[in-house]
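S.K.: Chain by chain, the residues run as shown.
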Amino acid sequence: MARTLRDLRPVHVVGVGWHRYQNPSDTSYVTLGVTAIREALADARLEWPSVESAYIGTALLGMASGRPMLRHLGATGIPVTHIENASASGSTAFRQACIEVASGISDMSLAVGVDKRNPVRRESTGIDHLAEDAIAQFTHFSLLTNEYAHRHKVSFEDIARVAVKNHRNGAKNKNAQRQRERSLEEVLGGKRVAGSLTALQCTPVGEGAAAAIVASEEGIRRLGLDRSRAIRVIASTARSERVYEAGLGFDAVLTKETAALALAEAQISAKDLDIIELHDAFTVEELHYIENIGLCREGEGVHLLKEGALDIGGRCAVNPSGGLIAMGHPIGPTGVGQIGEIVLQLRGEAGPRQHAGAKTGFAHMVGVGAVCYIHILQAD
Amino acid sequence: MEPALLKPTLYTASGALLGGRCACGHVFFPMQTHGCEACGRHGADLQPLTLAGRGRLLSSTVVRFHADSARIAPFTIGKIALDEGPVVRALLVDPDREIRPGARMVSRMVSVGDSAVDLRFAPES
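So the protein lines, in turn, are chains A and B. In this note's numbering, each number is its position in the first sequence, counted from 1, plus 3. In this note's numbering, each number is its position in the second sequence, counted from 1, plus 78.
One thing to keep in mind: the hints can contain errors.
Computed cross-link-like contacts, DMTMM-like style, restricted to lysine to aspartate or glutamate with a CA-CA straight-line distance of at most 20 Å [claimed, not checked]:
{"id": "1", "chain 1": "A", "residue 1": "Lys-177", "chain 2": "A", "residue 2": "Asp-314"}
{"id": "2", "chain 1": "A", "residue 1": "Lys-156", "chain 2": "A", "residue 2": "Asp-383"}
{"id": "3", "chain 1": "B", "residue 1": "Lys-85", "chain 2": "B", "residue 2": "Asp-174"}
{"id": "4", "chain 1": "A", "residue 1": "Lys-194", "chain 2": "B", "residue 2": "Asp-174"}
{"id": "5", "chain 1": "B", "residue 1": "Lys-85", "chain 2": "A", "residue 2": "Asp-314"}
{"id": "6", "chain 1": "A", "residue 1": "Lys-194", "chain 2": "B", "residue 2": "Asp-196"}
{"id": "7", "chain 1": "B", "residue 1": "Lys-85", "chain 2": "A", "residue 2": "Glu-220"}
{"id": "8", "chain 1": "A", "residue 1": "Lys-156", "chain 2": "A", "residue 2": "Glu-42"}
{"id": "9", "chain 1": "A", "residue 1": "Lys-274", "chain 2": "A", "residue 2": "Glu-126"}
{"id": "10", "chain 1": "A", "residue 1": "Lys-175", "chain 2": "A", "residue 2": "Glu-189"}
{"id": "11", "chain 1": "A", "residue 1": "Lys-194", "chain 2": "B", "residue 2": "Asp-192"}
{"id": "12", "chain 1": "B", "residue 1": "Lys-85", "chain 2": "A", "residue 2": "Glu-310"}
{"id": "13", "chain 1": "A", "residue 1": "Lys-175", "chain 2": "A", "residue 2": "Glu-160"}
{"id": "14", "chain 1": "B", "residue 1": "Lys-85", "chain 2": "A", "residue 2": "Asp-131"}
{"id": "15", "chain 1": "A", "residue 1": "Lys-309", "chain 2": "A", "residue 2": "Asp-131"}
{"id": "16", "chain 1": "B", "residue 1": "Lys-85", "chain 2": "B", "residue 2": "Glu-176"}
{"id": "17", "chain 1": "A", "residue 1": "Lys-156", "chain 2": "B", "residue 2": "Glu-176"}
Chain B residues, not near chain A, derived (Cβ > 12 Å throughout) [to be verified]:
{"id": "18", "residue": "Thr-111"}
{"id": "19", "residue": "Glu-115"}
{"id": "20", "residue": "Leu-127"}
{"id": "21", "residue": "Arg-132"}
{"id": "22", "residue": "Asp-146"}
{"id": "23", "residue": "Asp-196"}
No lab work stands behind these hints: they were computed from the structure. We treat Cβ as the ideally placed atom computed from N, Cα and C, and that holds for glycine.
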């Protein structure tokens, strides 16, 4: 790799906004998207004509959805690029906006994730398979849950506690799709989809939008933005799956190598992280990822969970937004929304979800394929 | 008459799996000629290799719900590390029972519908 984001000029997030993540409705994606963008502009105290480029993260809207949405902000003629990268679409849009600003091509760039729940269509590679058409995402993660429980002698009940924590966090988030606290009994008692996985341990895929505006130092100065509320992006890394040893979980190994690069770029270690927003589409994922990010050794995630170390107010607040399980996972918005949560936390503006003294936050997404995207943000 | 194989590009009537091996040594399933995931070689460097249909169970799970109503739940999916190296995910013979990880597994041909057979895995007896 020739250069990292950190080697280029500094990039700051100056504005974040959402349209609440929600169950599928007849709300148009245009309403979802412009609501989030207008909130981000207001948060940055910025007018739309100052934004010089836009990256649209969307996986399910189909071709060319961006311009028909952005024109309702006033058609300024800026370059518009659509990013599809499965669950990491929003994270990728954010990374591209950061790169655009870091490179000096723009001083002010928008990353917006927007999606409606539509059928997923993936073209055949021409290679047949034994049973992949029978294997939904929850089945893949149920297999991993069983492997994790067996390897580390952990109970399914303990793994399900991830959902209890994340529903508790989501209950305090007005933008979360699920805003209700759930007891362990409720989480375990719901409909079982595969193995021990119950519906409340799985992300609800819905619709919504999230926006983040990134700016250079020069842009912040020139437009007179509030420097004290700008949060710097100190690392951006992305990797895709390689060939791993048989039996290793590819999402976990991919996370491990991407996280190591991100922490090195940020010149910090995992113990310096105050906030982690990660891809907990299914409960077992949170344990896999915190272990592979390096918060603890493999198999020890449940101990941290049970002692409250991953709670808001604990050692490192993991998924204070509610995560994919409670905040929701409308696909395109998800990665951008993680950035928004971290920005609120590092500014001290997260209200009832505030993790006291948060200085450094880490956003992690994996996407089918498989890809992994990580950003680290730090308050001055 | 022999029943038709549901997926004849993937296995034989005796339950062997139709995999491949690259000149670099990487063994994969199923056979394909697009290119080797380990090294990128393609064409004649990728040659068919018959895999015996035996391996070790990494994990299994009983699926109780599927969006496609034609696929009747419950069914059990197993993740099997084949003796030759590749990891495959396949339906298990028993539709409603998880099997202990580490179990030795072997392929079995099972009737599906009126006139076809499909490959499943079951614990070695």
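S.K.: Take the hints in turn and mark each one as holding or not.
M.R.: Hint check:
1. For the hint pairing Lys-177(A) with Asp-314(A), the CA-to-CA distance comes to about 19 Å; that is within 20 Å, so the pair holds.
2. A hinted pair counts as satisfied when its Cα atoms are at most 20 Å apart, and Lys-156(A) with Asp-383(A) does not qualify at roughly 42 Å.
3. A hinted pair counts as satisfied when its Cα atoms are at most 20 Å apart, and Lys-85(B) with Asp-174(B) does not qualify at roughly 23 Å.
4. The suggested pairing of Lys-194(A) with Asp-174(B) holds, with an alpha-carbon distance near 16 Å, which does not exceed 20 Å.
5. Proximity of Lys-85(B) to Asp-314(A) is assessed by CA-CA distance (about 49 Å); at most 20 Å being required, the pair is judged violated.
6. Taking the CA atoms of Lys-194(A) and Asp-196(B), the gap is near 30 Å; set against the 20 Å cutoff, the hint is violated.
7. Simply put, Lys-85(B) and Glu-220(A) have alpha-carbon atoms about 59 Å apart, too far for the 20 Å limit, and the pair is violated.
8. For the hint pairing Lys-156(A) with Glu-42(A), the CA-to-CA distance comes to about 46 Å; that exceeds 20 Å, so the pair is violated.
9. Between Lys-274(A) and Glu-126(A) the alpha-carbon distance is near 42 Å, which puts this suggested pair outside the 20 Å criterion.
10. Distance restraint check for Lys-175(A) and Glu-189(A): the Cα-Cα separation of roughly 18 Å lies within the 20 Å cut-off, and the hinted pair is therefore satisfied.
11. With a CA separation close to 33 Å, the supplied pair Lys-194(A) and Asp-192(B) exceeds the 20 Å bound.
12. Distance check on the hinted pair: Lys-85(B) and Glu-310(A) sit about 50 Å apart at the alpha-carbon level, beyond 20 Å; violated.
13. Of the pairs offered as hints, the one joining Lys-175(A) and Glu-160(A) is violated, with about 24 Å between alpha carbons and a cut-off of 20 Å exceeded.
14. As the CA atoms of Lys-85(B) and Asp-131(A) are separated by approximately 8 Å, the hinted pair is consistent with the 20 Å bound.
15. Between Lys-309(A) and Asp-131(A) the CA atoms are separated by roughly 43 Å; this puts the pair beyond 20 Å, and the hint is violated.
16. Distance hint between Lys-85(B) and Glu-176(B) is unfulfilled; the C-alpha atoms sit about 25 Å from each other, more than 20 Å.
17. This hinted pair checks out: Lys-156(A) and Glu-176(B) have alpha carbons roughly 17 Å apart, not beyond 20 Å.
18. Some Cβ of chain A comes within 12 Å of the Cβ of Thr-111(B); the nearest lies about 10 Å off, and the non-interface call is violated.
19. At the 12 Å boundary, the C-beta of Glu-115(B) falls inside the reach of chain A, the nearest C-beta of that chain being 5 Å off.
20. Every CB of chain A lies more than 12 Å from the CB of Leu-127(B), the least distance being 15 Å, so the non-interface label holds.
21. The Cβ of Arg-132(B) lies farther than 12 Å from every Cβ of chain A, with a closest approach of about 14 Å, so its non-interface assignment holds.
22. Some Cβ of chain A comes within 12 Å of the Cβ of Asp-146(B); the nearest lies about 8 Å off, and the non-interface call is violated.
23. Interface exclusion of Asp-196(B) from chain A breaks down, the closest Cβ pair being 9 Å apart, not more than 12 Å.
When held up to the earlier numbered hints, the structure conflicts with 2, 3, 5, 6, 7, 8, 9, 11, 12, 13, 15, 16, 18, 19, 22 and 23 and fits the remainder.
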